[in-house]
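There are 6 protein chains.
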Amino acid sequence: MRLQLSTWQEVDDYLKRTTAIIIPIGSTEQHGPNGFIGTDALCPETLAFGIGEETGALVAPTLSIGMAQHHLGFSGSITLRPTTLIAVVQDVVNSLARHGFDRFFFLNGHGGNIATVTAAFSEIYAETSLRTAGSNRPPLQCKLKNWWDGEGVQAISKELFGKAEGSHATCSEVSLTYFAYPDHVKTAEMHPEIAPTGPIYDADDYRKRFPDGRIGSNPKLASVEAGERLYKAAVRDLSAEWRAFAA
Amino acid sequence: MRLQLSTWQEVDDYLKRTTAIIIPIGSTEQHGPNGFIGTDALCPETLAFGIGEETGALVAPTLSIGMAQHHLGFSGSITLRPTTLIAVVQDVVNSLARHGFDRFFFLNGHGGNIATVTAAFSEIYAETSLRTAGSNRPPLQCKLKNWWDGEGVQAISKELFGKAEGSHATCSEVSLTYFAYPDHVKTAEMHPEIAPTGPIYDADDYRKRFPDGRIGSNPKLASVEAGERLYKAAVRDLSAEWRAFAA
Amino acid sequence: MRLQLSTWQEVDDYLKRTTAIIIPIGSTEQHGPNGFIGTDALCPETLAFGIGEETGALVAPTLSIGMAQHHLGFSGSITLRPTTLIAVVQDVVNSLARHGFDRFFFLNGHGGNIATVTAAFSEIYAETSLRTAGSNRPPLQCKLKNWWDGEGVQAISKELFGKAEGSHATCSEVSLTYFAYPDHVKTAEMHPEIAPTGPIYDADDYRKRFPDGRIGSNPKLASVEAGERLYKAAVRDLSAEWRAFAA
Amino acid sequence: MRLQLSTWQEVDDYLKRTTAIIIPIGSTEQHGPNGFIGTDALCPETLAFGIGEETGALVAPTLSIGMAQHHLGFSGSITLRPTTLIAVVQDVVNSLARHGFDRFFFLNGHGGNIATVTAAFSEIYAETSLRTAGSNRPPLQCKLKNWWDGEGVQAISKELFGKAEGSHATCSEVSLTYFAYPDHVKTAEMHPEIAPTGPIYDADDYRKRFPDGRIGSNPKLASVEAGERLYKAAVRDLSAEWRAFAA
Amino acid sequence: MRLQLSTWQEVDDYLKRTTAIIIPIGSTEQHGPNGFIGTDALCPETLAFGIGEETGALVAPTLSIGMAQHHLGFSGSITLRPTTLIAVVQDVVNSLARHGFDRFFFLNGHGGNIATVTAAFSEIYAETSLRTAGSNRPPLQCKLKNWWDGEGVQAISKELFGKAEGSHATCSEVSLTYFAYPDHVKTAEMHPEIAPTGPIYDADDYRKRFPDGRIGSNPKLASVEAGERLYKAAVRDLSAEWRAFAA
Amino acid sequence: MRLQLSTWQEVDDYLKRTTAIIIPIGSTEQHGPNGFIGTDALCPETLAFGIGEETGALVAPTLSIGMAQHHLGFSGSITLRPTTLIAVVQDVVNSLARHGFDRFFFLNGHGGNIATVTAAFSEIYAETSLRTAGSNRPPLQCKLKNWWDGEGVQAISKELFGKAEGSHATCSEVSLTYFAYPDHVKTAEMHPEIAPTGPIYDADDYRKRFPDGRIGSNPKLASVEAGERLYKAAVRDLSAEWRAFAA
Ligand code: NI
Ligand code: NI
Ligand code: NI
Ligand code: NI
Ligand code: NI
Ligand code: NI
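Residue numbers (this note's numbering), protein chains in the order written: chain A, 5 to 251; chain B, 5 to 251; chain C, 5 to 251; chain D, 5 to 251; chain E, 5 to 251; chain F, 5 to 251.
One or more of the hints may lead you astray.
The list treats identical chains as one, so a pair stands whether inside a single copy or across any two.
[Unchecked claim] Calculated pairs, DMTMM-like style, for lysine to aspartate or glutamate (alpha carbon to alpha carbon, straight line, at most 20 Å): (1) Lys149 with Glu163; (2) Lys147 with Glu232; (3) Lys162 with Asp208; (4) Lys149 with Glu57; (5) Lys224 with Glu197; (6) Lys147 with Glu197; (7) Lys212 with Asp16; (8) Lys149 with Asp16; (9) Lys190 with Asp17.
If you're looking for bench data, these hints aren't it; they were derived computationally from the structure.
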């Protein structure tokens, strides 16, 4: 059930069943020579729709822009500063809390969001802890779940890509977006085949360490077929997780 | 050309042709008994893709959550505080400016965004005017364009809906989303047929004045067919506007 | 009744009659070769005193500095960043709300303030809508009224200045300040007679487009006499508006 | 020379002579049974105009609203939060610095402003010290001067009022406003004659300690005549101070 | 070498050898019935002094207050909101960067700080990536290192405490503080012996789940002797890590 | 009683006796050729422990980093921007207020903190005055006390150092730290013997006026013995002050 395609009366009805909601959160940043700039937003969005179909979960609009300062050396990348992203998460949660939502399942597509979104949860909880929360706000529970963390996905990724999976512009995430947008599959050569690895600092440093944007991956191995397997496994993994959270 | 489906190298190529970009911006808020909560985001997003096809414009991911504090009395509505939205617009523009973008065409779907987004532009320009902008930021031009403002759209809206068009949950915007999502067309009775009008203050006041969420409209008149006519007219109007801005 | 010249006991008495207040808001920015830098603050201040005499309205001190980033290319111009101005408006309203004021009539002298002050109103309303407002704050209504918007003023301006009125350093506003400060009438040549028009971005861009600061006007036509007519019409227009708002 | 009554060209000329400016800063807060709510803004404004006449100093518009949270228990009082006031002072100084002003003489009328405005100066200097100031900002010098601190004023105050001078709603400040606005002189009984003294915390506490708003004063002794003597002494004291600062 | 006990000339000399610095960061929060409220600050401080002796590293003053909103249900706990802590880390790093420091080794004593401090690093890097960093700031590298993460410490903890180690008010951290402050060793009964485990939300929820403050631990097992072994192992682990980072 | 070495149950017990607490606040900044960079934090910390022993007062962890922007021209100096320090003080006070603390005795070691910390108090009180404080926060009283202000200290300082005391890197503060850390006494020549005096603006200006960091002092006169006398006098002065405040 997509929030964007629902009426407010339908949301009222939903709230009689459960007060939990899925919020896909991603990023807009380079994903190497053959990955989409929207990869990190499109993955959780696609999966959230799948979970929604599977479980009846309500899916909020995707927060498509995340914390991606380190990718700004590559054209098209967009970042929110951490403090901006904290304010966004805070406003989204507080808005929904007014309607009675009290459990927030952030389905995340971007490693770079984890710290900031977790900090945002603490900022929100601190409003309760310091007694400054909205005067009728119920106790809240926020959860950040990376789409790739489930056992099913991990097993497929290991089987199909092994060491070439990498940690940015991974074979799995590129595959998943190819499955979701098969008309947009891209071809590109990779030099070297497997990208280098290393720590992450600012955008200038990142571009020097990772000249084509990938970290540790060879996404030439990505495919629609792999994406489909990953999609199914992820929806299965995450639907179970959602059901436990929303129960 | 959708930014989310492009690679960074494709954006590099695009920047050789033009340094302008379209950024759809909307809201997530009730749209009465038969309108989608996502109406204000889905309209500019749909049209931006149309303009992109027509003109080759690059389309950034939609900013789906806007300034909608007055709708918080209705379930599912989400707001960013104005200061949060200003920070978001600022970060998006400054990120893209780093890559060389210098003209930003915000295609807007929500009247409630106009003041805040315009204030955000001033906040951004003030960085230049006070000499605190990023040290290599070029002079920037930001434009906010409401999708419904063109002559073609206005004429159709007048012809089809006349006084029933209204100002929130309008027949035109509901039609446009029905055209974009025909499987989700909703049916609902309207009491009264044409909703009341009045000023806008906070969410509690809004709910009292406008009990089902509409202002001045009878969106029962909305239809896929009307949406199609509006879509074509809007893409035509806005493509011309975009070409003039990006030239 | 000027707040600055009242005691707190007199304000207590006033609050028994009405809980509305006028807050003049302007700007400090160049107004071309013969206009005062204070024009946009002095106009609403002068008129607010007039309305106060006419209607007994309480007039708060003028917020003399507004959002004027685009004028910073000309000496003496001062801006608040939009986020600063939002905080100022918020604090002023919340302070007065503690005393029981609940309707705020911002009499505005500067087009550049409109977006930001409107955004500030939403920031204030959002405190109610998100339930974070001061624990005893009543529902609030804020209104922004441009002094030049009334019918009487528009008619005189059209009659006297026609196309030479312009949109910045207008004949009308210069006349009104000449009427208020006749000892300070200035003489200056205008080249060209009628200033150019165009869009507004940052201060550097502004200075290039509008070399002497005016937009579209020939304020050489300004006079004390015109100012007097405008003053009387504006006080009449605005007093009616105030009465309706404060009733 | 009043900035509000000058043109930008006149400010350009002034800057050839000196790059210093006077900025009156006050407050809007109760001043007991017979003092004006605007006392703290009107005093430095009146004196600044006097200094301007005496020395040719340029006088910016008065910042009429200061840090007055402790007075919010009395109707009509308005405060900026300290962080808001810091942002205001910062923006004012940075705007003027763009034109070449580099010495800022804040003529203060309110003890409650001293800490916050001094903190604001540090916030501004920190931009230089941390290298984040506007890219062409010169080294700046900000000075806060309380109008009542000069020897001349102190002597008169001691002579005329002795122990009845007090520290809020003082005989001297009330006298000075009576001199400036003789048509608004107020009469009120004082119980007790000399108000109590004590520390300052929040507004509720303040109202309990100081039921009619005064601290330690008996402003029944205030008079137009005393105000005139104080005015002359203050203009003399402060003009000397200004000349030393602006030299 | 403790920064607090050095002169600025000694820091100048140090900077000729290396531009790296250790910054201990902790928290002030309940640590169950027999743990110090200062545990999380005292551990990294004690160890940082040890590393300093071992390697000559310069040790900044401890940031003793961290992100501990979830502990506010227990007396004496203090939190910074995440956005406050981000600002603190930002200011500390930017201050030191002005002197030429460019590698910052945050030695952390509190799991609850990890997300926020990592977000702070991104906020700092974003200044470089968006070109708004101080005009002479070099490229920076920030590292967050939890004191308990090294192999030596993990092995001892496993050997001595096994499952009773827990995750808050752990046997290891209590032991380490007992070693550092042997005069303050506390005795208390634990009911149940091993504390419950569970997720962390706000302070009210925390107190319900973890009534005496511990999570999963039995710190009755803590001892000065264990603390000494942990101290030595940690200094060894961390000195190696520091040397690699500072090289 | 040091908060860092207490358990939460011990704090619960303390709160039955008194709801006041001491919070040492200092700075990390150059103190001339022979003074410690930590002088301003170590002095109040040392004294607070003394007062704690004398009176049983609870002593919070030292806020070691203050407002020291003007010292950034000397290596090792660290500043918080005033707005950051305000947020820190606000969070510390609000955290402790949740436990029932309502009187906060900030024992200060740095003149540069006075304005900002005083502004922070007003920011905190404004939450009460504007009714936005945490929903169960009691009325609060905050006090800033400079450790050197007592009569006993002043007398010794005058007797021992006279005009050589100065106002930064004073003989007294250097002596006090030498007493507290006798192993770290430093020797350095002073040129000139007594440092120059002057106003304080930004860090570049400061370094020009005060080339070795001192203002008006000759801290070569500092000694452990003097420090001991000052320590005893200060503990006596301040314990009396604390008792009056906490009663
Ligand atoms: Ni990714
Ligand atoms: Ni709409
Ligand atoms: Ni104007
Ligand atoms: Ni006063
Ligand atoms: Ni711990
Ligand atoms: Ni000192």
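For each hint, the structure was consulted:
{"no.": "1", "hint": "Lys149 with Glu163", "in the structure": "neither (22 Å within a copy, 33 Å between copies)"}
{"no.": "2", "hint": "Lys147 with Glu232", "in the structure": "neither (26 Å within a copy, 38 Å between copies)"}
{"no.": "3", "hint": "Lys162 with Asp208", "in the structure": "neither (31 Å within a copy, 41 Å between copies)"}
{"no.": "4", "hint": "Lys149 with Glu57", "in the structure": "within (18 Å within a copy, 35 Å between copies)"}
{"no.": "5", "hint": "Lys224 with Glu197", "in the structure": "within (8 Å within a copy, 54 Å between copies)"}
{"no.": "6", "hint": "Lys147 with Glu197", "in the structure": "neither (36 Å within a copy, 29 Å between copies)"}
{"no.": "7", "hint": "Lys212 with Asp16", "in the structure": "between (51 Å within a copy, 18 Å between copies)"}
{"no.": "8", "hint": "Lys149 with Asp16", "in the structure": "neither (26 Å within a copy, 33 Å between copies)"}
{"no.": "9", "hint": "Lys190 with Asp17", "in the structure": "between (43 Å within a copy, 15 Å between copies)"}
Violated hints, listed in ascending order, are 1, 2, 3, 6, 8; each of the other numbered hints is respected by the structure.
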